[in-house]
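We have chain A; now place chain B onto it with these hints.
Number of protein chains: 2
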Amino acid sequence: MDWGAELWDQFDIIEHHTQWGLDLAEKYIKFVKERTEIEQAYAKQLRSLVKKYLPKRNVREDLEAKFCQYQAFLQVVKELNDLAGQREVVAENLTTCICVELSKYIQELKQERKAHFQEGRRAQQQLENSFKLLDNSKRKFERDCREAEKALLTAERLDQDINATKADVEKAKQQAHVRGHMAEESKNEYAACLQHFNQDQSRFYFLEMPQIFNKLQEMDERRTARLREGYGLFSETERQVMPIVGKCLEGMKVAAEAVDEKSDSQLLIELHKSGFERPGDVEFEDFSQPMNRASSDS
Amino acid sequence: MDWGAELWDQFDIIEHHTQWGLDLAEKYIKFVKERTEIEQAYAKQLRSLVKKYLPKRNVREDLEAKFCQYQAFLQVVKELNDLAGQREVVAENLTTCICVELSKYIQELKQERKAHFQEGRRAQQQLENSFKLLDNSKRKFERDCREAEKALLTAERLDQDINATKADVEKAKQQAHVRGHMAEESKNEYAACLQHFNQDQSRFYFLEMPQIFNKLQEMDERRTARLREGYGLFSETERQVMPIVGKCLEGMKVAAEAVDEKSDSQLLIELHKSGFERPGDVEFEDFSQPMNRASSDS
Chain A
1 MDWGAELWDQ
11 FDIIEHHTQW
21 GLDLAEKYIK
31 FVKERTEIEQ
41 AYAKQLRSLV
51 KKYLPKRNVR
61 EDLEAKFCQY
71 QAFLQVVKEL
81 NDLAGQREVV
91 AENLTTCICV
101 ELSKYIQELK
111 QERKAHFQEG
121 RRAQQQLENS
131 FKLLDNSKRK
141 FERDCREAEK
151 ALLTAERLDQ
161 DINATKADVE
171 KAKQQAHVRG
181 HMAEESKNEY
191 AACLQHFNQD
201 QSRFYFLEMP
211 QIFNKLQEMD
221 ERRTARLREG
231 YGLFSETERQ
241 VMPIVGKCLE
251 GMKVAAEAVD
261 EKSDSQLLIE
271 LHKSGFERPG
281 DVEFEDFSQP
291 MNRASSDS
Chain B
1 MDWGAELWDQ
11 FDIIEHHTQW
21 GLDLAEKYIK
31 FVKERTEIEQ
41 AYAKQLRSLV
51 KKYLPKRNVR
61 EDLEAKFCQY
71 QAFLQVVKEL
81 NDLAGQREVV
91 AENLTTCICV
101 ELSKYIQELK
111 QERKAHFQEG
121 RRAQQQLENS
131 FKLLDNSKRK
141 FERDCREAEK
151 ALLTAERLDQ
161 DINATKADVE
171 KAKQQAHVRG
181 HMAEESKNEY
191 AACLQHFNQD
201 QSRFYFLEMP
211 QIFNKLQEMD
221 ERRTARLREG
231 YGLFSETERQ
241 VMPIVGKCLE
251 GMKVAAEAVD
261 EKSDSQLLIE
271 LHKSGFERPG
281 DVEFEDFSQP
291 MNRASSDS
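Top line first, the protein sequences correspond to chains A and B.
Going by my numbering, the first sequence opens with residue 1, and the numbers climb by one from there.
Going by my numbering, the second sequence opens with residue 1, and the numbers climb by one from there.
Just so you know, these hints were derived from the structure itself, not from any lab.
Keep in mind that this is a model prediction, so the values were computed, not measured.
Worth double-checking, as some hints may not be accurate.
Identical copies carry no separate label here, and so any pair may be met within one copy or between two of them.
Said to hold, decoys possible - Listed next, the in silico PhoX-like pairs over lysine-lysine satisfying Cα-Cα at most 25 Å (straight line):
#: 1; residue 1: Lys44; residue 2: Lys30
#: 2; residue 1: Lys262; residue 2: Lys110
#: 3; residue 1: Lys27; residue 2: Lys52
#: 4; residue 1: Lys30; residue 2: Lys52
#: 5; residue 1: Lys27; residue 2: Lys114
#: 6; residue 1: Lys104; residue 2: Lys33
#: 7; residue 1: Lys110; residue 2: Lys33
#: 8; residue 1: Lys78; residue 2: Lys247
#: 9; residue 1: Lys33; residue 2: Lys253
#: 10; residue 1: Lys110; residue 2: Lys66
#: 11; residue 1: Lys51; residue 2: Lys27
#: 12; residue 1: Lys33; residue 2: Lys44
#: 13; residue 1: Lys110; residue 2: Lys215
#: 14; residue 1: Lys187; residue 2: Lys138
#: 15; residue 1: Lys27; residue 2: Lys138
#: 16; residue 1: Lys66; residue 2: Lys253
#: 17; residue 1: Lys114; residue 2: Lys215
#: 18; residue 1: Lys66; residue 2: Lys30
Chain A on its own, in the form it takes in the complex:
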């Protein structure tokens, strides 16, 4: 079943449907474009969050960087930066594969569709012209027949008229003969035009338009197949980054698990232990010794 045979009288429907198909594809492209803008904005926000929480590059390595709980935090932040990068990859791939390539393809199809409909309209025009020729030749034949009939009746009337001269009768018969001949020629021309038109009409309905409609159907099916591919890329693009997203998440998990509370509290000891002994007992100071000595001297 094809449009050429089944929808031979649905030129407008085919025109409308193929336009609808192109509009749907452009609607999808617009949808994807807006999705990529959301992805880019999301990635941008994640990146500025990351920037805010990562220390400045040229800051000297200070003590806090030595604690594994701080290193883990930085690692989590860095992995989030990589996640943001993957959102950018999604946005870029959606742009390239759908917004750019599918868009370009749809522009080509628009031209192709336009050409098919131009061809269709040209064929319609030709058939209309052929019909006009037919109609004119038919009208001429009808008119000539009426004239010939009138001339014949005039000749017959004069022939019966006793007052008519022989010359008048002969002239009227001559006239009727000429008119009859002209009608005969118009008939032949009309018959030729009719044959020509019927050939044209048959070619129009059974060859030209079916071919154009079938080309449009084939084009519309190609567009649909390409749209299916475009739909598929929407999830495929996302699926492609999943292994790297998984690695980022794994990296965050590993960073978290590397936090060892014992090691950090030992590090504090290593960094700040003075090595001094704790103070011992305060000794007794015997201020009575000089007195006792003085006392014993006496």
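Just chain B now, with coordinates in the frame of chain A:
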């Protein structure tokens, strides 16, 4: 190795480090909070994109909805809505597990830390008071020794003085005896204070402060362990939604693959086929028949 023994003289360091630890946890909570805001904004944008491309609920089911290429588009849009929902789940879980629960835990630790340092300062104050008592008793002993010595020298001087009366000598000796007795009492009191202080000091450095520092270390390690858990939740929350995200992507893929270009172009035929035959040949209209009849009548 513990802080109580190794960092006995690093009160300030321990105070600073435990505060740094709480600050790091709060910094992490703030980071997560900002992340959830980004996720919520992202989800909101995706949802309004979806709303824009889904037809209004109460619109009558029109012809275009019958074409599988349009159904697939709607399905892709709907799956994106579910993806947005998963970003909301991530935001909610991050809020609950990290922003709310970890935050609450950190508030409790702040109170606990404050109590430990109050206890430490109280112990310090007690030791200082004990030292003041020791110092005062030592000064009194020194002063009393000096007075006793002076009284003894005065008595000895009068004893050697030929002009002194016996009463004067006796009075001076009495005085020296009293002073000597007072110095003896001060000595005993100083010795008692010294013993008391040495007990206090030993208890302070070997028992009280080590216990406080160890409690702070234990608290700091608990906080670090909880922070590790919090870091882990960051990726875990993301990982939890991955199966549903995977299902959404699978749903998009299935929707895309369901697009069948042949079926859509057949549907157009079913919807719009008129069933009429294509026009046949136009028949010849013989306007010359009346003329021929008239001609044959004659």
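- With 25 Å as the alpha-carbon cut-off, assign the pair Lys27 and Lys114 to within, between, both or neither. within (20 Å within a copy, 62 Å between copies)
- Message: Please sort Lys114 with Lys215 into within, between, both or neither, judging by C-alpha distance up to 25 Å.
- Response: Within one copy, since 12 Å is at most 25 Å while 83 Å is not.
- At 25 Å max between alpha carbons, let me know whether Lys33 reaches Lys44 within a copy, between copies, both or neither. Both: 16 Å inside a chain and 17 Å across chains, each within 25 Å.
- Query: 25 Å Cα cut-off: does Lys262 pair with Lys110 within a copy, between copies, both or neither?
  - Reply: between (69 Å within a copy, 20 Å between copies)
- Check Lys78 against Lys247 for me: Cα-Cα at most 25 Å, and say if that holds within a copy, between copies, both or neither. Only inside one copy: Lys78 and Lys247 sit 12 Å apart there, 28 Å across copies, limit 25 Å.
- Message: Please sort Lys27 with Lys138 into within, between, both or neither, judging by C-alpha distance up to 25 Å.
- Response: The answer is neither: 52 Å in one copy and 96 Å across copies each exceed 25 Å.
- Can you give me the call for Lys110 and Lys215, within, between, both or neither, at a CA distance of at most 25 Å? The answer is within: 13 Å in one copy meets 25 Å, while 77 Å across copies does not.
- Item | Homo-oligomer pair classification [Lys138, Lys187; C-alpha up to 25 Å] | Close inside one copy (8 Å), not across copies (154 Å); limit 25 Å.
- Message: Treating 25 Å as the Cα threshold, decide for Lys27 and Lys52: within, between, both or neither.
- Response: Close across copies (11 Å), not inside one copy (38 Å); limit 25 Å.
- Task: Indicate which option fits the pair Lys33, Lys253 if close means a Cα-Cα distance not exceeding 25 Å: within, between, both or neither.
- Result: between (33 Å within a copy, 19 Å between copies)
- Item | Within, between, both or neither, where Lys66 and Lys253 count as close if Cα-Cα is 25 Å or less | For Lys66 and Lys253, only the intra-copy Cα distance (19 Å) is at most 25 Å; the inter-copy one is 47 Å.
- Up to 25 Å CA-CA - Lys30 versus Lys44, copy category: The answer is both: 21 Å in one copy and 18 Å across copies each meet 25 Å.
The structure fails to meet hint 15 from the earlier list, while all remaining hints are met.
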